Structure formats: structure tokens, C-alpha cells
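Protein chains in written order, with my numbering: chain A, 1 to 157; chain B, 1001 to 1355.
Read the hints as simulated data drawn from the structure, not as lab findings.
A couple of the hints might just be wrong.
[Stated by the list, open to error] Simulated coverage check for chain A against chain B, where a stretch passes if three residues somewhere in it have a Cβ under 8 Å from a Cβ of chain B:
#: 1; region: 9–15
#: 2; region: 24–32
#: 3; region: 103–115
In this text the structure is predicted, and so the values were computed from the model without any measurement.
Ideal Cβ placement from N, Cα and C applies to all residues, glycine included.
Listed below are the residues making up each chain.
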Amino acid sequence: MGKALGILWEIFRGSLITARHFTVNMFFHTLNLVGIKTRRKGAVTIQYPEVKKPLASRHRSRHRLMRREDGKPRCVACMLCATVCPSDCIAIEAAEDPDPEIQKVPASFVIDLNRCCFCGFCVEACPEDAIRMDTAVIDLAATSHQDLVVGLDKLLG
Amino acid sequence: MIGILLLKIVLALVWFLVLTLYLTWLERKESAVMQDRIGANRAQILGLRLFGLFQPFADAIKMIFKEDFVPSFSKKLLHTLAPFLSFFFVCVTISAIPFADDIRIGGKTIPLQVFDADVGLLFVLAMLSLGIYGIILSGWSSNNRFALLGGMRGAAQLISYEVALGLSLVGLIMVFPSLRISEMVRAQGSLVLGFLPAWGVFLQPVGALIFFIAALAETKRVPFDMPEGESEIIGFFAEYGGLKWGMFMFTDFMEILIVSCLMTTLFFGGWQVPWLGPQGFSFPWGGSWHLASWLVTVFQVLIFNVKVIFFCWLQILIRWTYPRLRYDQLMDLGWKVLVPLSLLNILATGLIMSL
């Protein structure tokens, strides 16, 4: 009997905890509703499409290709990124550059984001600092696979 | 007279269904607030969101436009009939609930209650029991083993708790010697010891507790949700979809509301405001506050609604707090705890009353 009463008491205490959560959160919701700003909010929810959480500075998002000062891509088509890529999602076609200092430029630089695992190895491998993953584009959703295969125009843009 | 009766039926049904509709909203919002979330707030009309108050309508539209699917192996007539049965029997129960004291208009006395039977309490219990037919029929006519098992679980659970539910009310019937619900509410307007309103919960605390637990089991929601098994979707409505499934869900919410109404009416004074008589307040410490009779009625309807909504809130709180009971624990609680306790309660009530 004593044990049963103890269980009953614990069950009752459980509902007190949830009731406390309810009243405390309701209190802050009401304060915010009538316009009183409080540091603590009634809910921890972030209303995503309207409100976005700030990304960490080293967050790996969609890739971009850097340009030289004269506007040409920094990439020299050395294929290091394509080689190191564990998902095999980078395809580069090289072309000749008239400048003997540069020698090679990518004729096409295609990243298949369907396959990309966002490991960031390409960024680390690049000797020219030509590829970076700091665009903060994280809502990579598309209605077809082709829309997620991005080429030079998108990566440089 | 017929016109007034029809008007009362329509008003009671509208009150009942609209409140049930918004119980779904309350359930979502309350559970969200309890869990530090915001809850459904995206349903909007022309950019107007209003805390998701349009969500029930969005749900309704979604369910109406879903395919009305009947499996080829089911018994079609019974399969269609089952949700309507459980819906109907809960809906009928609202007719026995008094919303306020009788009002007098032009020399006529109009009770604010649709159907004031002299066996009102038995009528309510009978209608709640008949709701089991919806469950058994849906489980059986689906011709699906899991649905059948769910239906049998539901029937066993509801019948077990029906016993405790009925027995817990016997003490109450002894205290307010009547089965007429309006009579019982009126009896709760008197005072005990000069200041305490003679509400059922003060006269029958154990009975109130047992009734509440047994009634929670009757609503077949989470601590007692073996029949439907919400998280596994292997319950008696496994073969239902769209609006028929919605009707089962809606029935659940209507049962919450009915249980709240019964709890209010039987144990928490119904429309009785403490110390409010037909002439106005007369406080036990001497003061009094005269009120017009229409104001008294407004007060009574308001307090009735407040009490009902409080019990809805409490039930939703319980639903989002506790995990489900195991089936043997459920049966133990019903037969080994609630039934003996309610029998003891009857005995103790009788002893005290005979003193």
C-alpha cells in the first residue's frame, strides 16, 4: 500500500512537471504577445523559412570558385580536388591558357551536388585557394537531378 | 415548444461540435507549449494566422478530400456504419448536460438542457457504453486480424472500466438522492459547514478520483490507448482512412469534452457558481451582491464553460505527460484497484450517511 501510494505520488509529480512547463512557457508567450520583450522565450522553436539560424563561420555549404583580380577563375585545372573527392562528384575539363604563368584553365567545372557529401576535402586539397565552401547556401533542394548538377556559371556567380 | 426544443438541440450541438473542433487546436497548442515548442501556426487565410486557429478547418478540408477507401475484403455496410455509430452515441450524450439554471421568458420556464430525463445519469452511462459498438464493429468488419485484436482490446478495456465508472457514481447518487442530472446540479448549490459549496468533489472525493480515472480510460487516449495504439497504428481503425478515420478521431475529442462535462456536472457543481443564488451573490462572510437574473444566467453559462475547458486542459495535460500502461497493468488498475476502491467508497458513504 505504501509503495502504491509512493508510485501514485510520483505519477502526480510527473504531471506537475509538465504543468509547470506549460504555465512558465505560457507566461513568457503572454508577455511577448503583449509586447514586453524578455530574454527568455516561451519556445525554443526557430520559424525556419522566415527566421534562419546563423551558420558557423566554418560551416560547409555549397561550393564556389574564386576569381583572380582580372576576373578569370583562379582554378588551374590541376585535378587535385577531383582526385581527392571521395564521392567522385567533380568533373573538370582543362583548356590551355595563353598566359604562360597560368598554363591551364578549366573549360568546364561540374560539381554533381547529388553525390557531394560536403566533406570539404576539395577545399583542403586546392593549392590555389580556388574552391571554397562558404556560400551559406544550404537549402539545396530541386525537383530534378539535373538542377543539382552545377557548372562554371553557377560556381563562379 | 417544439421550436424552443429544436433551437436548444441546435445550440447544444453547435456548442459541442465547435468546442470539439477547437479541442484539436488546444491539444496541438497545449502539447507544444508543454514541450517548449510553438505548435501548429501556419494555417492562414489571406495571411491571417491567428495562432493557427484555422488549423481545424485545414485538417477538415484535408480529410474530406482524401480518398474514401473501403478495403475489398471488409464488410462494406458495417465498415461504413461503425464510425457513424461511435460518433452518434457520443453526440447524443450532450443532450443530458444542463448548461445553466432554468430561464424564465414571458412566464415560461425553459430549462437550459435538451433532455432532462429522470434517469439522466443512467442515460449518459448507457450512451457511453453503446459507443463500444462502434469500436467492435469497426474492428470486426475490417476483416483484418490486427484491427479485430484492437477492437477486442478496446471492448475489454471499456467494459472493465465501465464497472468502476458505474460504481464510482453510486456514492454520488446516495448523496444527492436523484438520478436526474438537473436535480443533482441543483443539489450542489447548497452549502456544507456554512461556506463550502456542496459540490460532488467535496462530498465524494474518492468517487471523483475514481470517476475521473475510469472516464480517462473510457476516452481511450494515451495512458489508456491500447484500443487504437496511436503510435503503432495497429488499432481498431487500422483499415480506415480519410473522413471516416477523422470521425473516429473526432469521437475521441468529443469523448474528452463529454468527460469534462460530466466531471463538471456531477462533481464540480455544473453551472453553480459558489455562493451565487438566483438573486445574486450572498457571501458566507456577510456581504451580498445583487444581480439581474439574466446576468446570473450569463455567469452560470460562463462558469460552466470555464470548468469544462479546465477539465479538457487537464485531460490533454495527462495525455501528453504519461506513457501508456501495459495491458496487464491496465486490467490490474481497473479490477484490482478501482473496483474495490469504489466498493469501499460506497460502503463508507453508506456508513457516514447512516450516522
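Going down the list of hints, with the structure as the test:
no.: 1; hint: 9–15; verdict: holds (count 3)
no.: 2; hint: 24–32; verdict: holds (count 3)
no.: 3; hint: 103–115; verdict: violated (count 0)
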